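Once you've looked at the hints, go ahead and assemble the two chains, each given alone in its own frame, into the complex.
Next come the chains, spelled out residue by residue.
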Amino acid sequence: MIRKLRTGTFHTGMTLLSLLWLAPVLWVVVMSVRSFDDIATNGVGSLPHSFTLDTYRQAWTDGGELRALVNSLLVTVPSVLLSLGLAAVAAYALSRYRIPGRRTILLLMLAGNLLPPQILLIPVQKFSELTGLYDTLWALIAVQVGFGLGFYTFVLHGFMRDLPGEIQEAATIDGAGPAQIFARVMLPLTRPALAALGALSFTWIFNDLLWAITVLRTDDRMPVTPALLALQGQFVSSWNVIAAGTVIAAVPTVAVFLRFQRHFISGLAIGAVK
Amino acid sequence: MRKGPPVTDFDPGRRRFLGNLGLAGLGALGAGSLLSACASSASGPAKGDSSGAVTLQSNLSSPQAKTAIEKLIETFNKQGKGTATVNTIASETFRTQLPTYLTSANPPDVYTWYAGSVANDYASKGLLLDVSDVWQGLGEYPQSLRTLSTDATGKQVFVPMTNYWWGFFYRKSNFAKWGVQEPKTWADFLALCETLKGKGVPPIGIGLGDTPWVASAWFDYLNIRINGAPFHRDLLAGRQRFDDPKVKAVFTRWREVLPYFDPKGKAYPFQEATTALLAGKTGMFLIGTFFADAAPKDALGDLDFFRFPIIDPAVPVAEEAPTDGFFASAKTRNPDGTKALLTYFTTAEAQEEYVRSSSGIVLPVHPKAKAADSPLVSKGKAMLASAAELTQFFNRDSSDALQPTADTALTKFMDKPDQIDAILREWQAGAEKVFKG
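Residue numbers (the working numbering), protein chains in the order written: chain A, 1 to 274; chain B, 1001 to 1437.
The following block holds chain B by itself, in its conformation from the complex (with noise of 0.2 angstroms):
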């Protein structure tokens, strides 16, 4: 039984038909003229053509980053060895897009990215231009810059411009005011943690809501100072076990600690963190360097920093060091021009110049580049300097698949520390399914 008033019934009459054409003629002829607009408007400016410019697809989406970066392209075009034209896309979004952007059909030149095994992943699969060109030219670079962008086969595939470091941040005049100094061992890291909590200070900041992958900064070191950066790599490249023995010894060390951190530290961001230690709510706070672009300026010249803690002396030091650069792709129809522009990175000018214009605490790769004149930065230069290894990150060292189990084994571990054993095995499970995935 249908409701509702009646319906005429559909007479396909003389009169009727040519009245229907009428509409669908009408509708065929806007669609036929929207379509024609399409194509004429559809190609924008011709990209890709072997001597048109080169687009680079930067994250770099911070006010002063982006200004940093597209001042670089200006000097480029300026050299005349090729024009570039600079895209900047929300970090956020650019992550999420990244693999979209390489295996589209007409992908842009250049991308901003990670060394390591991040990058290696794209190379893998064949989608990374073979850049070995580049670093011919580049001897005075470390071994260690090199091997970081090498992929499996043997060649090249990044051209790094920037890293940056990790470490114990705290505010100078805090320090003084409860009368402590920088800890070298872990003992004295412990000592100093029991003062400030007797003060009624929070000693360890930390943010894990929203960002729960800061706590992996505290896995990382814990590891490479307890087991050392080659079993550190081998583990999270799938070649040793969670459940280890040694990995567990890790999380031995941590429970010392643990009653030391910030208990409100769980419900906000590493961001909020901040603004707690730059209050004198928590004491100090293991974290990268870009956090300081959520710092005041004027709190900027009361940051210091210290290493993180020698745990087992016997253990060559290794420092995290995550490094930003460039990668392309092997789709571009410009590699010439694509070359010229990664090797333009290379350059300590490049990088000289963009460390200026980037109010960010970066260091520039070039043996050469003068980093930014302040004692904060000479410091963690040269920490990085000093250290017999460096490691980039959890997610750059092994895949950002591989983060988000390390991000629910540590928010575990930290709220229940008893159930180690079964959140080791969990963990080793779920690696081993991204592994095998």
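The following block holds chain A by itself, in its conformation from the complex (with noise of 0.2 angstroms):
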């Protein structure tokens, strides 16, 4: 009796917890199907008083986010994939070799993480135009890469780190030089946590703003959150079409991480038990 009643409210906590985690991401989606006139009459926060689809139209054709979704992968996927093999590159070396001052290295790619992205607004800014990069998405694949290796080396050095050393050691009788331990053995061993640091990444970086208004300032060059931004006005914003446009941005993420959440998961866990 007890043991059903636990359940039952534990049931209905959680779905209840589950619907005010989901609920501004239903909001999005009720108010993207509105109409503007029914927004602008009874407020945002309403129940919804008419259904259209045009919306999606709108942030489609009207918000150019064909163009921006793909100056966004443009962007996310090179830079997912550089960042993740230099960081890889360096966590084996930094894990597995005794590179002098390795420590150190390794302290240092961590503390440029513990700084805020803001105080380097300007610097990037006029680095980036230095060396002609400005106003290029290689400018924001260089940025990405170069902010991203900190902690990715960081995490994959923690996971190297734990690969068993008999591994290497026989590798190494075998015949087989250090580029070749790294492709055949260090880097399938790895599999999970470049996965899960892989989908991680992904979001971040597509998902970013900051960087992308920074060292980006022609409009058909801006990945799609700068797009969305754009399709606000001055004083006024089609909430509306804006919410079809973030929800459309949404399923690229929300596909990376549905692929590869399996791998998420085991990734999060190993480690968590020696």
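These aren't lab readings, by the way, just hints derived from the structure by calculation.
These numbers were taken from a predicted model, which means no experiment stands behind them.
Hints should not be assumed to be uniformly reliable.
[Said to hold, decoys possible] Derived DSBU-like pairs: lysine-lysine, alpha-carbon spacing no greater than 30 angstroms straight-line:
#, chain 1, residue 1, chain 2, residue 2
1, A, K126, B, K1433
2, A, K126, B, K1281
3, B, K1379, B, K1368
4, B, K1266, A, K126
5, B, K1246, B, K1412
6, B, K1266, B, K1248
7, B, K1197, B, K1297
8, B, K1172, B, K1264
9, B, K1248, B, K1412
10, B, K1177, B, K1266
11, A, K126, B, K1331
12, B, K1281, B, K1177
[Claimed, not checked] Okay, the calculated bits of chain B under chain A, using three or more residues with CB under 8 angstroms as the criterion:
#, region
13, 1062-1074
14, 1085-1099
15, 1103-1114
16, 1273-1279
17, 1365-1376
All residues carry an ideal CB built from backbone N, CA and C; glycine is no exception.
This is the structure we're talking about:
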């Protein structure tokens, strides 16, 4: 009886909690199918009095969301691959070899992550201008790789350090050099961590706004987050179109997360128990 | 004591070294090819050379305004006096990034922005192009606009295109239902508020949540009605003090109407205050014409406004008429093309076309350009034309840095009107910091 009650309470409580968690998302979805006049008459918070899918068309064509999504992917995919690749190499070297000053290097990389990015906005902007990369997607890729590298290396270092040394020794005895050990032994073993980091970094880079508006100034090079912002007017915004645009923009990240979520959970759990 | 598995010694033996070298070489190769790829695609469309297209960096990001400016550029390109491209940036992003754009090595040529001291600030830093040439052809423009576009050294740095007005907006049908008329004087206004309050309607709508600057309209108007526009300008330029008794008089008047403000107005932004006004939940709303963009289309015909009531008939009537337009970067590589584009924006045809295609309520500044053909717009235009003086708005007449001090002071005053002396002292202290900074 008590057990039943407890299960019941648990389920009710958790359902309510999930609803609370999902409420803002649902709100955005509901808002995205309301007409502008409905929102203007009844306010953004009211129950819908209209239904339209035209908002999605407006966000897609007027908002230029297709190009923005393409830009986002052009930045996100290379950034994720490059930063994870470089971080894996760095983590491999730092965790498996007695490189002089490796602790300092690692701490420096971590320290870089503790800086608030806001204080680096102007230096980054000036530097990107100096290198002639200002207002190009390359600048954004470089910034994303640079800022992600420290954290990814730190995480991968922790992971690789805990891989059994015997595997590496066995590979060395079999005649494998460092590059071969890295490619054939370390990388496959690090896959869960890489997948988890990949999903995370994809989301972070895809959803970034700050760096995009710092190093870009041409509208048709903007990724999806500033493009969504551009749907806002100076004084008045069509919240329904913005909501529709947001729903569209969320699709790639949700897809990546669903694809990688298995790795994500196992990746988090690995290293938790020794 | 270190944990974890044994770490292989770093052994720079020949075989290992070669392996490492190979790895490093791979990295270098990758980086090299990447960099060269960057370099080749970095330049993008060649901008800034003296014959190239002029770039207009625009903050008109609402869909109608964006379409309107794009149409304008299209027409300009067809005329053969030069070529231009428009680059629309979210207005919020634009606001924060404008200094970066202007100071960058290869800046965009033309920018949408506001006239007045906000433009003059950039001019004083030598960032703006001298557009006196453009103004030489603008003999028909009123002197007030020329003064507004002139910087401290006497050269013109700004080219206006449109302006709009502020007023007490209301729904004609609601005023008819309540049986009330537009007030002319402060006494009429107080009587109107009392009547509406008696009918259970909060008389004065306002929206200060997220948009606290809306309260500055009240300060501006009370100040120009009581102390006049010259004092107002001096105050905002730091030549008068906020703890002056004349400023306190503004708040004494304001206190008379404080009980009539919509108590919910502190919580929501002006867009929702617009919704409340249209739904008849408030009686009237002191706001700029841009608020109409937040109104459903069927309500537009029902809107009307009256001018801020006259308090002291001896003070020349001034109105707020924020002027929008363009300025150009001093570093433009194509000054001739830039000026050609700016000249095009000053023509009656361009302004009429802009007003036609942007659904918003704006007035062209060219004296001969026709405004939109609606009773509301004619009334607004007539009001501005009859004003002895025009002001812009608090931040445009002072600076974006001074605006937050006003937001703090005014919000505090509306909460705790008793503490006005302390509030004004704090405001003065805050303003001094801004003026020194």
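Right, here's what the structure says about each hint:
1. Taking the CA atoms of K126 (chain A) and K1433 (chain B), the gap is about 28 angstroms. The hint holds against a cut of 30 angstroms.
2. A threshold of 30 angstroms between alpha carbons decides the hint, and for K126 (chain A) with K1281 (chain B) the separation of about 51 angstroms lies outside it, so the pair is violated.
3. In summary, the hint linking K1379 (chain B) to K1368 (chain B) is supported, as the alpha carbons are separated by about 17 angstroms, within the 30 angstroms threshold.
4. About 40 angstroms separates the Cα atoms of K1266 (chain B) and K126 (chain A), which puts this hinted pair outside 30 angstroms; it is violated.
5. For the hint pairing K1246 (chain B) with K1412 (chain B), the CA-to-CA distance comes to about 19 angstroms; that is within 30 angstroms, so the pair holds.
6. Taking the CA atoms of K1266 (chain B) and K1248 (chain B), the gap is about 22 angstroms. The hint holds against a cut of 30 angstroms.
7. Straight-line distance between C-alpha atoms of K1197 (chain B) and K1297 (chain B) comes to about 28 angstroms, which keeps the hinted pair within the 30 angstroms bound.
8. Note on K1172 (chain B) and K1264 (chain B): the hinted pairing holds, with a Cα-Cα distance of about 23 angstroms set against a maximum of 30 angstroms.
9. A distance of roughly 14 angstroms separates the Cα atoms of K1248 (chain B) and K1412 (chain B); the hinted pair therefore holds under the 30 angstroms criterion.
10. Straight-line distance between C-alpha atoms of K1177 (chain B) and K1266 (chain B) comes to about 27 angstroms, which keeps the hinted pair within the 30 angstroms bound.
11. For the hint pairing K126 (chain A) with K1331 (chain B), the CA-to-CA distance comes to about 16 angstroms; that is within 30 angstroms, so the pair holds.
12. Distance check on the hinted pair: K1281 (chain B) and K1177 (chain B) sit about 13 angstroms apart at the alpha-carbon level, within 30 angstroms; holds.
13. With a cut-off of 8 angstroms between beta carbons, the region 1062-1074 of chain B has 3 residues touching chain A; three or more are needed, and the interface restraint holds.
14. Check on the region 1085-1099 of chain B: 9 of its residues sit with their Cβ under 8 angstroms from a Cβ of chain A, so the three-residue criterion for coverage holds.
15. Judged by the Cβ-Cβ criterion of 8 angstroms, the region 1103-1114 of chain B is covered by chain A as claimed, because 4 of its residues qualify and three suffice.
16. Residues of the region 1273-1279 of chain B with a Cβ under 8 angstroms from some Cβ of chain A number 4, which satisfies the need for three, so the listed coverage holds.
17. Note: the region 1365-1376 of chain B has 0 residues with beta-carbon separation from chain A under 8 angstroms; the three-residue rule is not met and the coverage is violated.
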